[in-house]
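Those sequence lines, one after another, are chains A and B. Reminder that position 82 of the first sequence reads as 82 in full-length UniProt numbering, one-by-one numbering, no gaps. Reminder that position 397 of the second sequence reads as 397 in full-length UniProt numbering, one-by-one numbering, no gaps.
None of these hints come from the bench; they were simulated from the model. Heads up, the beta-carbon is just placed ideally off N, CA and C, and yes, glycines get one too.
Cut-off 25 Å, straight-line C-alpha distance, at most; resulting in silico cross-link-like pairs (PhoX-like, lysine-lysine):
1. B/K300 - B/K358
2. B/K412 - B/K358
3. B/K706 - B/K646
4. B/K419 - B/K55
5. B/K55 - B/K356
6. A/K415 - B/K709
7. B/K419 - B/K357
8. A/K415 - B/K139
9. B/K357 - B/K416
10. B/K482 - B/K437
11. B/K139 - A/K417
12. B/K79 - A/K244
13. B/K335 - B/K356
14. A/K415 - B/K706
15. B/K474 - B/K442
Under 7 Å between C-beta atoms, here's a sample of chain B residues computed to sit facing chain A:
16. W91
17. A97
18. F244
19. T263
20. S277
21. S278
22. C281
23. E283
24. S289
25. L324
26. Y325
27. H326
28. N604
29. R608
Derived list of chain B stretches under chain A, where covered just means 3 residues or more per stretch with a C-beta under 8 Å from a C-beta of chain A:
30. 108 to 116
31. 221 to 235
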Amino acid sequence: MPAVLQCPGYPEAKLRCLAESLQCREVQASTLLALMGEPQQYSYPSVFIYGHRATGKSHVVLALLTELELPHAAMSCVECFSRGLLFEQVLMALFGPEAAALLPRCASFSDFVRVYRQMCAQEPADQTRYIVLERAELLRNMEANLLPGLLRLQELVDDNVTVILLSEIVWDKFRPSTGCFEPLLLHFPDYTKAELQQILSRHSHPSYTPELYSSYINILLGVFYSVCRDLRELRHLAALNFTKFCEPLEKGEAQESDTHKLWRRVEPHLKRAMQTVYLREVSSVQWEQQQMDEKEATALRGLSAHAHVELPYYSKFLLIAAYLASYNPARTDRRFFLKHHGKIKKTNFLKKHEKTSNHLLGPKPFPLDRLLAIFYSVVDSRVAPTASIFSQISSLVTLQLLTHIGHDDQLDTPKYKCAVSLDFIFAISRTVNFDIVRYLYDFL
Amino acid sequence: MTTSSVSKGCFVFKPDLKKRKRTVDIEEYFVDADDDCSYGRERFSICRSLWEKIKTDTEILQDELNKKILDSLLEFIKKCTSSFQCRSDEWSCLMRASEIPTAALVLGVNVPDHDMTFQSLSDLLQESVTPFAVSVQAKECSGMPKSNLMQKLLERLMGVRVTEEEYEEDPSLSGVPLQQKRVSCSIGALCQWYKAVTNVRKHIKFSPGKYCSLENDVLQCPPIVVIFKDFEAFNPHVLQDFIFICSRYIQELPLLLVFGIATSPCTIQHMLPHSVSSLLCIELFQSLSCTQHLATVIDKLILTAEFPFKLSGKVLQVLVNIFLYHDFSVRNFVKGLQLALLEHFHSQPLSVLCCKKKHALLNAQKLSHQHLEMLRQLPSFMRYVEAQEPQEQVQLLTSDKYVKEVCQKLLKDIRKYHKNYYCILRCLSSLTSSLPKYPLGKHIRELHMSCLERNIWETNEYESAIQLLRLLAKDELVATLKKFVFVLSQYLYSTIPFNARIWFWNKYTMLCPLGMHVEDVSEGITPLGKDLQKKTDLFHLQKTLLEMKGSRRTKKMTPFEMLKNEALDFIDCFVRSHLSPPELQPLHEVCYYSSSGFLRQHLNATPRTSIQTALSQPFYYLQNENLKTDAGTVSSSAPDICIVYKLHLECGRLINLYDWLEAYATVVSGAEGKDPDSEEYGKVDELKHARFIKAVSELEFLGFVKSTKQKTDHVARLTWGGC
Numbered sequence: 001m002p003a004v005l006q007c008p009g010y011p012e013a014k015l016r017c018l019a020e021s022l023q024c025r026e027v028q029a030s031t032l033l034a035l036m037g038e039p040q041q042y043s044y045p046s047v048f049i050y051g052h053r054a055t056g057k058s059h060v061v062l063a064l065l066t067e068l069e070l071p072h073a074a075m076s077c078v079e080c081f082s083r084g085l086l087f088e089q090v091l092m093a094l095f096g097p098e099a100a101a102l103l104p105r106c107a108s109f110s111d112f113v114r115v116y117r118q119m120c121a122q123e124p125a126d127q128t129r130y131i132v133l134e135r136a137e138l139l140r141n142m143e144a145n146l147l148p149g150l151l152r153l154q155e156l157v158d159d160n161v162t163v164i165l166l167s168e169i170v171w172d173k174f175r176p177s178t179g180c181f182e183p184l185l186l187h188f189p190d191y192t193k194a195e196l197q198q199i200l201s202r203h204s205h206p207s208y209t210p211e212l213y214s215s216y217i218n219i220l221l222g223v224f225y226s227v228c229r230d231l232r233e234l235r236h237l238a239a240l241n242f243t244k245f246c247e248p249l250e251k252g253e254a255q256e257s258d259t260h261k262l263w264r265r266v267e268p269h270l271k272r273a274m275q276t277v278y279l280r281e282v283s284s285v286q287w288e289q290q291q292m293d294e295k296e297a298t299a300l301r302g303l304s305a306h307a308h309v310e311l312p313y314y315s316k317f318l319l320i321a322a323y324l325a326s327y328n329p330a331r332t333d334r335r336f337f338l339k340h341h342g343k344i345k346k347t348n349f350l351k352k353h354e355k356t357s358n359h360l361l362g363p364k365p366f367p368l369d370r371l372l373a374i375f376y377s378v379v380d381s382r383v384a385p386t387a388s389i390f391s392q393i394s395s396l397v398t399l400q401l402l403t404h405i406g407h408d409d410q411l412d413t414p415k416y417k418c419a420v421s422l423d424f425i426f427a428i429s430r431t432v433n434f435d436i437v438r439y440l441y442d443f444l
Numbered sequence: 001m002t003t004s005s006v007s008k009g010c011f012v013f014k015p016d017l018k019k020r021k022r023t024v025d026i027e028e029y030f031v032d033a034d035d036d037c038s039y040g041r042e043r044f045s046i047c048r049s050l051w052e053k054i055k056t057d058t059e060i061l062q063d064e065l066n067k068k069i070l071d072s073l074l075e076f077i078k079k080c081t082s083s084f085q086c087r088s089d090e091w092s093c094l095m096r097a098s099e100i101p102t103a104a105l106v107l108g109v110n111v112p113d114h115d116m117t118f119q120s121l122s123d124l125l126q127e128s129v130t131p132f133a134v135s136v137q138a139k140e141c142s143g144m145p146k147s148n149l150m151q152k153l154l155e156r157l158m159g160v161r162v163t164e165e166e167y168e169e170d171p172s173l174s175g176v177p178l179q180q181k182r183v184s185c186s187i188g189a190l191c192q193w194y195k196a197v198t199n200v201r202k203h204i205k206f207s208p209g210k211y212c213s214l215e216n217d218v219l220q221c222p223p224i225v226v227i228f229k230d231f232e233a234f235n236p237h238v239l240q241d242f243i244f245i246c247s248r249y250i251q252e253l254p255l256l257l258v259f260g261i262a263t264s265p266c267t268i269q270h271m272l273p274h275s276v277s278s279l280l281c282i283e284l285f286q287s288l289s290c291t292q293h294l295a296t297v298i299d300k301l302i303l304t305a306e307f308p309f310k311l312s313g314k315v316l317q318v319l320v321n322i323f324l325y326h327d328f329s330v331r332n333f334v335k336g337l338q339l340a341l342l343e344h345f346h347s348q349p350l351s352v353l354c355c356k357k358k359h360a361l362l363n364a365q366k367l368s369h370q371h372l373e374m375l376r377q378l379p380s381f382m383r384y385v386e387a388q389e390p391q392e393q394v395q396l397l398t399s400d401k402y403v404k405e406v407c408q409k410l411l412k413d414i415r416k417y418h419k420n421y422y423c424i425l426r427c428l429s430s431l432t433s434s435l436p437k438y439p440l441g442k443h444i445r446e447l448h449m450s451c452l453e454r455n456i457w458e459t460n461e462y463e464s465a466i467q468l469l470r471l472l473a474k475d476e477l478v479a480t481l482k483k484f485v486f487v488l489s490q491y492l493y494s495t496i497p498f499n500a501r502i503w504f505w506n507k508y509t510m511l512c513p514l515g516m517h518v519e520d521v522s523e524g525i526t527p528l529g530k531d532l533q534k535k536t537d538l539f540h541l542q543k544t545l546l547e548m549k550g551s552r553r554t555k556k557m558t559p560f561e562m563l564k565n566e567a568l569d570f571i572d573c574f575v576r577s578h579l580s581p582p583e584l585q586p587l588h589e590v591c592y593y594s595s596s597g598f599l600r601q602h603l604n605a606t607p608r609t610s611i612q613t614a615l616s617q618p619f620y621y622l623q624n625e626n627l628k629t630d631a632g633t634v635s636s637s638a639p640d641i642c643i644v645y646k647l648h649l650e651c652g653r654l655i656n657l658y659d660w661l662e663a664y665a666t667v668v669s670g671a672e673g674k675d676p677d678s679e680e681y682g683k684v685d686e687l688k689h690a691r692f693i694k695a696v697s698e699l700e701f702l703g704f705v706k707s708t709k710q711k712t713d714h715v716a717r718l719t720w721g722g723c
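Let the hints inform the model, and build the full structure from the sequences given.
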């Protein structure tokens, strides 16, 4: 029972058609329509729409604008990474390429406003113009005047224009400290399970009955709803696994009505899909290939199965030293790396506030000197401080096994952090016969 | 050069092309090394031809090694391309999220080596799949994020088109709108460009109609392949945004990504959140490990008699150590080999004899008197002379002609030695590489290095290896011997006596059936057991038991054991006669490069040691006679920083600046030649003060001292010991 969208000024047939395509988003669509008013009426200067991924924000907005044939410019802020590009695209979409050519090379916001007004004087708006900006959170990283300016663009250009911002985060995170024009906020809530079921069931496979597909979607949601509510992803997973679901039917082992049997067959398969293809451990092509080959037993090795990294001998020790420097308090180095460290009482040694595991707190930065000091004491042979030792440190940084702290310009006493996990360092130290547990403060 | 600028600043002066000196020909370096007729040119040409050979060989090797992975990668790209073409309206295709096909290419941590692989990959792509293959590096895309990456991509792709126009002078190409003055740096522009280009291509290719359909498809819509050479070094945000943008256009633009990964595929998950990685369809390609790569390079370049140039054990050890301990880079290994080659031919005048057999004999004939004198000075030759009869010794030391003849003979001998050496080395390695605990090393290079250093048969490791071989189970022994025979049979050219081989082959063929039927061997024991049952009276029993005991002590050998011992003794004899270290061969200096210290100094530089040498022995670098002093002292005329450094070595952890200054002033006054008794002597004047401050700040810059807040007017010393 699609609720009828109603708004004067638009043809009935199109509205009905829209209501068909905007299932489960009727409330939001009609609010938007009400906000937009009749085509020639002035609309609210800026609207901010937020909601999680794949909750139909762009879909609703763009469907409304294209279906009702309203003049609009829609772009993603990821793509228009500089303001010049953004202005160009907006002008191009609203007024054609000549307008975009009028922009100077490094367009500022006032240039944009000037060109807009110029074009607007030539072709005044008889309908509200819309500027839709997806992923609007990226506007915050651009120039400070851009977001406030866009919010009151209507006032600045003196034209019937509305800016619609779409984002996944709430408006509170946007508000500039200097204050700005407050847009109208519109929230798109997540789809409920029933709604997801309804939407997904719409695209049933042409060669099977909609009921069968609907029951399949039901099973799918039973497995995946707890981990994933992203409509796009769910649809993808549904498409990937549907052949498996239909396999018993194809072979004639089951009827369409044997839902329980079908469920029993497909459920373990879906569970496995959740651990592999959903996490992109295995690519979707490989997954389908595997389904076709029917090799259930020889499961594909996922990406994280190949965790082993081959490193040169000294790089391994450098990494071990870096790990020790990151997770041991500097105070305890004497205890671990000095042969005759004198008497350090255990009670003194274990300080109360350090009782919490260093591994829970994460790696701490350490200076280069400390890294090298630990390195020379853990490596079993005498190593000359050659240039290649130092270059290995920087190559570990480019491999992202270490991270450089602070700015790149700082040449004097650089600081690093170790960026590898405990399991990784265990594997590394096993290959060089180094018992790292004996040297870790947390395992004392 | 001056500028008209009033203010201070940096000015760039482009070098004047005319003024630039003509670079000295490399050949000149060889000729200048010795003044007259030292065959510098010959040596250089030999060196160059050898290097060319090494270079082409390694390139071929590299291509062979990469062939498998690159072929599968190409297969993947072709498959993806064809799936782009036939995007049907099938239900599953419509429902599936369109992912960007991505190849994760795991290449190992030796990043500099990847260049060659990527080069051959993009060559292959250009050749067979698409003209639109772009590779980007992280360092090109730093600075302004995103826009740079996009800009590079567009530049390179559009650049391709421009160059294409030059080649194909087709009128239909002029239909493509020439590059706009300001191409907006977005993928939308790329889309338009791609459509224009493919339309033209379609136009061209369809008219002759001579391509078959599938090929045509690939050619019509070639994919755009973006290769990220060093995936780890990219800024994750840039990558995320790039992938996000690409995924929006994947319907219109057949994009393909290749990630060059140095560590492990897990980094993809570390760098990209699920929302982004879910846009990719990642397939994994793993390359050969670099240690395997090194093994093949050593196998082809070093363990062969083809190359006259050889490395001594220590030099090889240095190169292998740099590889294993420091960089894992095969390219650096080959570079090290090149350095050794160059240095050998540059520093050893007799290396003119180190070339192909015919050539070498010819060169030996042409040797000058001076060279022959040098030849007589060679330790190995002197040892050879001493071993000869007195009469011959005299002849060797006086007659040049005779020496030339002997020299030719020795050169032939050393060639023969090499041929046999590598043959037996491989055979021995085939036997020992599968033994438990690898007493002689797992890799053939380890065996080679120990053979180079000493008589291998005198080592404990060899003993235990032979022991282990004797203890092997019959079927295992037969299997290893089979390998041995196989390797031996491959070396047809080696001069190991033919009948010896035949003999061994016969033994082996006899061994085989014996090994297979173990039961036969035990037959010898059973008759005795039968006897035991027959003899019932005590005396006889005692007698037979004694007999049995005796026979057990002598242990009658089964035919199998006899054969086994014979075979192993034969192998041992082989090893003893052919695997002697090259140092015992006369004239080995001609082929073997042995200065490992030189290589280590150049390939594995120690900056700190050099600084300390410069400071403690300024003569070493400045080459000024005045600075020559005994070890441990510094001349008072040395540069200020050296004096200050020397003085600071005598201090403790904290250095009093005033005492230091006074000591400095005293030393410097000595250099000025002032009378030690005069009042002026050791006085600190302004000039000395300034020089001292400058020297100390230089020392601080080098990291030897630093200012401290513990005590006023003190600095802290930072280095200890004298390494």
